[in-house]
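Could you build the full structure based on these sequences and the hints that come with them?
First to last, the sequence lines map onto chains A and B. For what it's worth, our numbering labels the leading residue of the first sequence as 1, then goes sequentially. For what it's worth, our numbering labels the leading residue of the second sequence as 1134, then goes sequentially.
Incorrect hints may have been included.
[Stated by the list, open to error] Label-pair ranges, simulated between beta-carbon atoms:
(1) B:Leu1159 to A:Asn92: 44 to 54 Å
(2) B:Leu1159 to A:Glu544: 26 to 36 Å
(3) A:Lys535 to B:Lys1201: 39 to 49 Å
[As the list claims (entries may be wrong)] If you only want the chain B side, here are some residues facing chain A, beta carbon under 8 Å, derived:
(4) Asn1145
(5) Tyr1146
(6) Pro1147
(7) His1162
(8) Tyr1163
(9) His1166
(10) Asp1170
(11) Val1171
(12) Pro1230
(13) Gly1231
(14) Asp1232
(15) Gln1235
Just so you know, these hints were derived from the structure itself, not from any lab. Glycine included, C-beta positions come from ideal geometry on N, C-alpha and C.
Residue strings, one per chain:
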Amino acid sequence: MMSPTQWDLPPELCCRPMAFVALTGLDVTYNAIHRAIWDAFCANRRADRVPISFKVLPGDHEYPKCRTKRTSYEWYIPKGILKTGWMNKHLNLVPALVVLFYELDWDDPVWKEKQSECATKVEIVRTSLQGRNTKVAVVLIQKKTPLPPGEDLVASERAASLCNACDLSGKSLFVLPHTDHLVGYIIRLENAFYEHAQTYYYTEIRRVKSHKEFLNKTTHQLLFVRHQFKIAFFSELKQDTQNALKYYRTAYSLVHELRTHETNMLEIKTMAGFTNYKICRLCFQHNTPLDAIAQFRKHIDLCKKKIGSAELAFEHTAWMSKQFQSFGDLFDEAIKLGLTAIQTQNPGFYYQQAAYYAQERKQQAAHMCAHEVRYPTPDPLETLSGALDFYGQRAWRQGHQSIDPPDAEKEKVGIQALQVKEKDVPHSELIIALLSNAVAQFKKYKCPRMKSHLMVQMGEEYYHAKDYTKALKLLDYVMCDYRTERWWSLLTSILGTALRCSYLMAHVKDYITYSMELIGRASTLWEDQKSRIEKNLIKVLMNEVPEAEPDCDPASAKAAQALWSDRVSLAGSNRFTIELLNVGILLQCKARFLSPSFHLDDPVQLHLYLKADCPHPVRFSKLCVSLSNQVLYNQFCVVEESCKSQDILEPLSQENMCLVPGKTRKYSFKFVAKTEDVGKKIEITAVDLMLGTDNGRCVLLNWRGGGGDAASSHEAIQAARSFRSRGRVPEQHAQWDTVSIQASTMIISRVPKISVQLSHKPPALSNEMYCICVSIQSNEKTVAKDVKLTAGLKPGQDANLTQSTQVTLNGLEVCDESHPALLPDIAIGDLQPGEKVEKSLYVCCVTTGPRIFLFHVAYTMTTQAEGTDITCKCHKDETVTIETVVPFDVAMKFVSTKFEHLERVYVDVPFLLMTDILSASPWPLHLVSSQLLLAPTMVALDEPQSQVEHVVLQTGECASECFSLQCPPVLNGTSSVASGQYLISWKRCSSCADAPVVTTVVTLSHVMVETIPLYVHAELPSFGRVRESLPVRYHIQNRTGLVQDVEMSVEPSDAFMFSGLKQVRLRILPGAEHEMLYNFYPLMAGYQNLPLLNISLLRFPTVSGQLLRRFLPSRIFVKPQGRQAEDASIAAA
Amino acid sequence: MAVCIAVIAKENYPLYIRSVPTQNELKFHYTVHTSLDVVEEKISAVGKAMADQRELYLGLLYPTEDYKVYGYVTNSKMFRKLHNSFTDVMCNPFYNPGDTIQSKAFDGMVSAMMVQAS
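Okay, here's the thing in structure tokens:
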């Protein structure tokens, strides 16, 4: 009976109860039609079909006998709470309904005989169910499709007769036509069966309830529980889960009202557990998980202290463990069906607690079952039937309900048997399974630390189960989590277990690794423990057998000693490389380059710091630093000493290879970098330290990068913040914490000893050949060879600048676009020490704005470092920003011959073009000449000559020119025409004579040209004289192809008298010119307005007199009357 | 009364941890360490919602079978005492923030808050 699954809940408790319906009269093996009917009932049942469990039984099946009904409970004393077979009986043995299938058509020829045969079959079933309320129904399997009800008179008559013969109600007779719609008929049938079943379970509930009135509270306490449980169970079968929950809750509280004593404790707990399980299950099913959790907590609180027999305490913990486990399972199942769990409330906690009780159970079992006792004979756990009658009772005293056991001797033997059985339980297996369930859950609910903790427990359990390989695997996996979190106390505990595992397996490498870490500073072990471990470590290094770890099982330790001895005698495999990635061990290592960069001609310096944290001095045999990209350098970074095995124990502290606990030791390395490494990074890839020798065991410790471990970076930060670091510390005792790792350095080129100077006169003027003088002087002690200058626009600026900048060394000609913006590698040759060379660079900037120019001087030279010659490439860069400005601004305007501003000019009417050159240069400008290049649409009235030739302009000065021009006729009356270009040739005054002249081209603006129909111009002397005749001739030109009628009048003036036509009307032929002569007679001196000439064109009213008047002089200077005689006399004199 | 009091640095390592000497110290260390899962989750959830009005007292982290674990991110009354004492430690010019706490005054205050070992 006692099996490992004793504590498992019975399957009939865990399943979902469904109404049990028995089908008889079906031959599913040989009859195809019956087979099809059966399949339609049970195959592929979907969730939406009614919950019924069907079973095919033979027609003469014997159903469990019903015991005779008790008429009085007066003398009845119950023997237990619930019989072990009860649930199964009602789930699988006692049907709610028995259905008899019978092949019979309404028009069967032998109807009478068939009817009586059917009645006999019904009678057989009834007899077998004697005393039960089980219903019986008959299904007639028919070949013909039935007619609609009421139409088939024969059918209704025969149905009534059959019912009568079988003693059936009309509701219990069904017809199943064997046609195409079988499944449809079956579904209708089973719904009808389901109703019958519900009625059956309802009557069963009523039947059990009716017992209550016969019960009394003193002798029938157990029955109260039993009846409530049964009612609840029947309710479940009836699918009334709400009431089922209610009855189970009542049953649960009744269980706890029972008188408890040592002999019935197990029975009470078992029933409480069952009922609790049902309640929780239903709560989850009703989607009230909080109720389930609350019920479970209550259950645990009530039962936690109900330990029962002290000698069987392990049974209590086993039971507790199972309670938590099954709740975890229920919870998990609910989640799978859609429930959401949270970090602080998930099945993991229940599995974890289950594991905790399993561990308790194991300990109790180990404690209580330690004595060597043989399993008693005869077996006290054996019963007659092979099973118990009631749940949770003892085999040797079944049905016993009084406080004291009937037989103390039997009791003792029974307990003994249970204890012996408990010994065989694979506790570790159970614990690990529960822990791994919990791990899976915590992983899901974001609890990495809880997961790690459980994995540690799993590892420890594997250790107890002597599966050291698995234990180490798990522990090793979580160790790094604790290391990075810096929970040293926990890490130390895990390492201790790991060390024992590796010792027991005689796993040398792991043993060394864990020992080293346990000796190291991260470990929280006491000094004496560290000392013991270190001594063991030294033994291992000397190829000897270490002492056994304390707390090891003595037998296992003995086996381990043998394993170690084998290892010692075994040759080979005595060289171990231990990679220390973030693992803090007994030694700490930090390596740093003294500087983040070294010049090629300076030796690279590297310091390596070692510190021992162990209680005893450590001696090593070799130390080397590996660097990246150059295997060449590694030879410089080695400390080696051949030492003999026995020397390890007698170290001399002053020796280089010995590390004294707590002291920092510094090793300096120095080497010269190779020329080809300039611009490259040198990294420390690893630091290797060899412990032991080749004779004994040899352990190579390998730190990646510049050393350090999980704790060191944090320690460095703390040290940097600490007030202690501010104190002065002598170099020799450099504080360990303040040493920071510098694992890489750059090799950079040697500092050039050369000067590059630039002389020029900024700003540059646009388009000029701007001269920059570069002087290079060597301050080297040796020859600077192969000096090269790269000069010009610094690359990487705006792309447009490259287009608009040209550079040349030839200052005699103006650059064009074929010249580059940068001149690379201009060979200069060798420079002796102190020698100086100069170079002039000419730059032509087309556009204005700032530009950065680069002057890069490169050379090679040979120097010495650490006694070796090295060839260095040096270079020096000089940059300068030069602004480019325009040399001058050119302004131009069109004016009339009267110097009046013109908006537009008129065809064949002379006008003036005036240009102003305003110097904007801070340096004096020499205007070499200027030139006007007229467009064909404009002609010069005279040969235009430069009026500004060889003029020197200072800053802000202006040079002006004036040109008389005229426009030939244009096609349409009015149009905009090009004027031409204005060329100015210039250079800086300061530039040398043969410097090229720069020609700046200014494009003149367009101007509007208008054709006028009439042109008037006057011919008059330059001045008049008072009271002297002043002849004025007006020429009126008709510039149209039409005859023009012109009306002319002269307005009177105070300043003049005049003779001539005062008002006239003329007719001028096309292209002809009319002349009008007036004699003006000035009356007043000074500037006088001429009498106004009004001209109006009858054909062109738009051409006003005002416009025409612009062509005429408006005033004239009148000299006062002269004294001619005096003048003459003077002339004569 | 408390059975174990721990002050944890923001990098999740212990600055101070003390438990009643009668019981398994290691077990308490594990309990404190595992409860950091909940602290981390709570802080990250709060950080997302409202960084300013963050409730410093985290409340019941999770119930174990035997003990209840409460969390408090450095500002309730039991915690106020602890916080005041912690502030005193931090005010000590010779204390380097981030180092483990080694203060007699703090020890004394923690002892007063713990279950008295008989």
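Outcome of the hint check:
1. Restraint check, B:Leu1159 to A:Asn92: a C-beta distance of roughly 51 Å satisfies the suggested window 44 to 54 Å.
2. The supplied range of 26 to 36 Å is met by B:Leu1159 and A:Glu544, whose beta-carbon atoms lie about 32 Å from each other.
3. Checked against the given bound of 39 to 49 Å, the beta carbons of A:Lys535 and B:Lys1201, roughly 45 Å apart, stay inside it.
4. With a cut of 8 Å, the hint placing B:Asn1145 at the interface with chain A holds, because the nearest CB-to-CB distance is about 5 Å.
5. Interface restraint check: B:Tyr1146 against chain A, minimum CB-CB distance 4 Å, threshold 8 Å, status holds.
6. For B:Pro1147, the interface hint holds, the least distance from its beta-carbon to any beta-carbon of chain A being 7 Å, beneath 8 Å.
7. A hinted interface residue such as B:His1162 counts as satisfied when its beta carbon comes closer than 8 Å to some beta carbon of chain A; here the least separation is about 5 Å, so the hint holds.
8. Restraint check, B:Tyr1163 versus chain A: the minimum CB separation of about 5 Å is within 8 Å; hint holds.
9. For B:His1166, the interface hint holds, since its Cβ comes within 8 Å of a Cβ in chain A; the closest pair sits about 5 Å apart.
10. The beta carbon of B:Asp1170 comes within 4 Å of a beta carbon in chain A, closer than 8 Å, and the hint placing it at the interface holds.
11. Here the hint on B:Val1171 is kept, as its CB sits about 6 Å from the closest CB of chain A, short of 8 Å.
12. The closest approach between the C-beta of B:Pro1230 and any C-beta of chain A is roughly 7 Å, which is under the 8 Å cut-off, so the hint is satisfied.
13. Hint on B:Gly1231 holds. Least Cβ distance to chain A is approximately 5 Å, under the 8 Å limit.
14. Interface hint status for B:Asp1232: upheld, as the beta-carbon distance to the closest one in chain A is roughly 6 Å, under 8 Å.
15. For B:Gln1235, the suggested interface contact is broken, since its CB lies about 14 Å from the closest CB of chain A, more than 8 Å.
Hint check: a violation occurs at hint 15 only; the rest are consistent with the structure.
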